[in-house]
Amino acid sequence: MSEAEKTRGQAILKEFQTILALEEEAAAAYLQLAEDCDDAEAGEMLRRIAREEVAHVAIAKELVKLAQGWKAPE
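Take 0 as the starting number for the sequence shown in numbering that gives the first Met the number 0 and just add one per residue.
Honestly, I wouldn't trust all of these hints.
What the hints assert, rightly or not - Below are the SDA-like pairs computed for lysine to any residue, each with C-alpha atoms no more than 20 Å apart in a straight line:
#1 LYS60 / LEU19
#2 LYS64 / ILE18
#3 LYS13 / GLY42
#4 LYS60 / ALA25
In short, the hints are calculated from the structure, not lab data.
Please take these sequences and the hints and turn them into a complete structure.
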């Protein structure tokens, strides 16, 4: 693997790790908002959004795994 390919792979991994962190933060934020919300309907909507963010976390984790195992084609 060339140095350029290695650097590109590291950059992609870093981006996916950033995405993962952002999705985790979003899930936690929506859940906290739901817990703090006095309106039952709004609280449920916020919990639903939090669940969607948790699904995004799972996807981001898979992307990180893929990037960690990435090898440039020979």
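Structure-based check of all given hints:
no. : hint          : result
1   : LYS60 / LEU19 : holds, 6 Å
2   : LYS64 / ILE18 : holds, 13 Å
3   : LYS13 / GLY42 : violated, 33 Å
4   : LYS60 / ALA25 : holds, 15 Å
In summary, the one numbered hint that this structure violates is 3.
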